[in-house]
Amino acid sequence: MNSLNAIWETRDVFLSGAGVSLLLVGLCLAISLPLATLAHVALQESAAGFARAARLLLDVMRCVPFLLLAYVVYYGLPAVGIRPEAFWAGLSSLVVYHTAYFIEILRSAALCVPQDTLVAADAFGFPRYKRYTRIVFPQLFAIAAPVLVNQSVMVIKDSALLMIITVQEITFAANFVSANYFSPFAPFLFAMLLYWLMSLLTDRLVGRLGKLRMR
Amino acid sequence: MEDSVPAAIAVRGLCKDYDGVEILRDISFDVPKGTTTCLLGPSGSGKSTLLRCVNWLEVPGRGTIRVGGAPMGRTGEGAASRPLSRKELAAARGRIGTVFQNFALWPHMTVLGNVMEAPVHVHGRPRAEVRAEALALLETVGLASKAEAYPHQLSGGQKQRVAIARALAIRPEVLLFDEPTSALDPEMVGEVLGVMRDLAARGLTMLVVTHEMGFARDVANEVIFLDGGKLVETGRPEDFFGHPKTERAQKFLARFNR
Numbered sequence: 049m050n051s052l053n054a055i056w057e058t059r060d061v062f063l064s065g066a067g068v069s070l071l072l073v074g075l076c077l078a079i080s081l082p083l084a085t086l087a088h089v090a091l092q093e094s095a096a097g098f099a100r101a102a103r104l105l106l107d108v109m110r111c112v113p114f115l116l117l118a119y120v121v122y123y124g125l126p127a128v129g130i131r132p133e134a135f136w137a138g139l140s141s142l143v144v145y146h147t148a149y150f151i152e153i154l155r156s157a158a159l160c161v162p163q164d165t166l167v168a169a170d171a172f173g174f175p176r177y178k179r180y181t182r183i184v185f186p187q188l189f190a191i192a193a194p195v196l197v198n199q200s201v202m203v204i205k206d207s208a209l210l211m212i213i214t215v216q217e218i219t220f221a222a223n224f225v226s227a228n229y230f231s232p233f234a235p236f237l238f239a240m241l242l243y244w245l246m247s248l249l250t251d252r253l254v255g256r257l258g259k260l261r262m263r
Numbered sequence: 071m072e073d074s075v076p077a078a079i080a081v082r083g084l085c086k087d088y089d090g091v092e093i094l095r096d097i098s099f100d101v102p103k104g105t106t107t108c109l110l111g112p113s114g115s116g117k118s119t120l121l122r123c124v125n126w127l128e129v130p131g132r133g134t135i136r137v138g139g140a141p142m143g144r145t146g147e148g149a150a151s152r153p154l155s156r157k158e159l160a161a162a163r164g165r166i167g168t169v170f171q172n173f174a175l176w177p178h179m180t181v182l183g184n185v186m187e188a189p190v191h192v193h194g195r196p197r198a199e200v201r202a203e204a205l206a207l208l209e210t211v212g213l214a215s216k217a218e219a220y221p222h223q224l225s226g227g228q229k230q231r232v233a234i235a236r237a238l239a240i241r242p243e244v245l246l247f248d249e250p251t252s253a254l255d256p257e258m259v260g261e262v263l264g265v266m267r268d269l270a271a272r273g274l275t276m277l278v279v280t281h282e283m284g285f286a287r288d289v290a291n292e293v294i295f296l297d298g299g300k301l302v303e304t305g306r307p308e309d310f311f312g313h314p315k316t317e318r319a320q321k322f323l324a325r326f327n328r
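Residue numbers (my numbering), protein chains in the order written: chain F, 49 to 263; chain L, 71 to 328.
Rather than coming from a laboratory, the hints here were simulated on the basis of the structure.
Every residue gets a Cβ at the ideal spot worked out from N, C-alpha and C, and that includes glycine.
Check each hint, because a few of them may be wrong.
Stated by the list, open to error - Cβ pair distances, simulated, as ranges:
#, chain 1, residue 1, chain 2, residue 2, range
1, L, 102, F, 167, 56 to 66 Å
2, F, 92, L, 317, 25 to 35 Å
3, F, 101, L, 315, 33 to 43 Å
4, F, 97, L, 273, 46 to 56 Å
5, F, 159, L, 321, 55 to 65 Å
6, F, 60, L, 201, 51 to 61 Å
7, F, 253, L, 96, 25 to 35 Å
8, L, 291, F, 167, 56 to 66 Å
9, L, 82, F, 258, 18 to 28 Å
10, L, 267, F, 252, 49 to 59 Å
11, L, 284, F, 252, 34 to 44 Å
12, F, 92, L, 102, 52 to 62 Å
13, L, 201, F, 124, 35 to 45 Å
14, L, 223, F, 98, 40 to 50 Å
As the list claims (entries may be wrong) - Below, computed lysine-lysine pairings styled on BS3-like, alpha-carbon distance capped at 27 Å:
#, chain 1, residue 1, chain 2, residue 2
15, F, 259, F, 205
16, L, 103, L, 321
17, L, 157, F, 259
18, L, 300, L, 315
19, L, 103, L, 157
20, L, 321, L, 300
21, F, 178, F, 259
22, L, 321, F, 178
23, L, 300, F, 178
Unchecked claim - To give an idea of the chain L side of the interface with chain F (calculated C-beta under 10 Å), a few residues:
#, residue
24, 122
25, 126
26, 168
27, 195
28, 196
29, 198
30, 215
31, 233
32, 320
33, 323
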């Protein structure tokens, strides 16, 4: 009961943490998904040599543990004269890291788009832009949606790691309450509940990408 | 071959190779406006590659193609020759309706959406006008009741009839058919050939790659027989099927007459 009281009394801390987490995840998805889509198109349309070099870079990015990347951005950049605030360091780490994953997800989904439907678009004289918007993207996102949703949930989970670089998000709030109220259990359970709710919301929103229908 | 009225399709000296392997060798022929020409030949003879060169889905190594008198793929002569820009190529392709072996319908659109897509989004015609025309086309191919269905809800024969309606919706100067019945089970072949016979009777210009000898014999104005990438024999269907001139064509036809 005391634990529940502690959560109620510190609701402002949790609310603030949830707001920061939501903002981090929302901004990351709002930037990463369009950025990954643009990068996917650029890689599809670019010369094979350039695309190979770019993919190598993406592979390197995907192999780096996220926590290390966040450390390097927050604690490493000041060494070269750039001192980002914790929130912006966290957000840019999330964006760079997950955009690399989203690009790879779109690349693998593109392999599953029936090629004959694209050939048909060429045969009917679709300009490049409309070929993508009308024919490619609806099929691409329908195929990629389940994996994009998974990756978006990973964004939520990785946002919890940003506590290490002092971003005051949900896990930071839970840790704060746990330490100050000597309650090791309830604050973290409550944080898990908040993450679960965020995941449900993300599932619904990102999942809609898979249901694009054309008039 | 040269005439004051340009042929709907004019192919001259067409050559194509893949990594040094010749697929098409010096192919020349005309498809006059309002006629049906069937491309026949064994598998691997280059029929489909030739058809795909006509709308530049395959880029030939040498030779010229003109559709309705306008150059396809490249324009200009000799040193002034240059590839069409993306925009020019898209415009040139926009005058050709293509029906594929595997239908290639867009799965995220309804049947009606598939038929309306190119006229509205490529040709920029008014949606209401295109919708009325698309419904009439679906009526013509016997699929008005399926307008709101999605491709995965249709049989193979129905899908191919939608593909034909989609090709007709752009008001094409020529229609290309790439083995339109090869992916269908025998019971559904008839319904697609029936629609194609009607189109031929209406005087549409069609170039058809097919293994349906009966269709070629009854409907084509001209047949072209390819083997090993070469144009072996060409002529009216009654001559080609009745009295094939070349030994290769005789052997090919003998297999069908067994």
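Hints, verified against the model:
no., hint, result
1, L:102 with F:167: 56 to 66 Å, "28 Å, violated"
2, F:92 with L:317: 25 to 35 Å, "48 Å, violated"
3, F:101 with L:315: 33 to 43 Å, "57 Å, violated"
4, F:97 with L:273: 46 to 56 Å, "50 Å, holds"
5, F:159 with L:321: 55 to 65 Å, "42 Å, violated"
6, F:60 with L:201: 51 to 61 Å, "56 Å, holds"
7, F:253 with L:96: 25 to 35 Å, "59 Å, violated"
8, L:291 with F:167: 56 to 66 Å, "28 Å, violated"
9, L:82 with F:258: 18 to 28 Å, "48 Å, violated"
10, L:267 with F:252: 49 to 59 Å, "51 Å, holds"
11, L:284 with F:252: 34 to 44 Å, "55 Å, violated"
12, F:92 with L:102: 52 to 62 Å, "40 Å, violated"
13, L:201 with F:124: 35 to 45 Å, "59 Å, violated"
14, L:223 with F:98: 40 to 50 Å, "42 Å, holds"
15, F:259 with F:205, "25 Å, holds"
16, L:103 with L:321, "31 Å, violated"
17, L:157 with F:259, "31 Å, violated"
18, L:300 with L:315, "15 Å, holds"
19, L:103 with L:157, "25 Å, holds"
20, L:321 with L:300, "16 Å, holds"
21, F:178 with F:259, "18 Å, holds"
22, L:321 with F:178, "47 Å, violated"
23, L:300 with F:178, "37 Å, violated"
24, 122, "9 Å, holds"
25, 126, "9 Å, holds"
26, 168, "4 Å, holds"
27, 195, "13 Å, violated"
28, 196, "14 Å, violated"
29, 198, "13 Å, violated"
30, 215, "20 Å, violated"
31, 233, "8 Å, holds"
32, 320, "35 Å, violated"
33, 323, "31 Å, violated"
Comparing the model with each earlier hint shows violations of hints 1, 2, 3, 5, 7, 8, 9, 11, 12, 13, 16, 17, 22, 23, 27, 28, 29, 30, 32 and 33; every other hint is respected.
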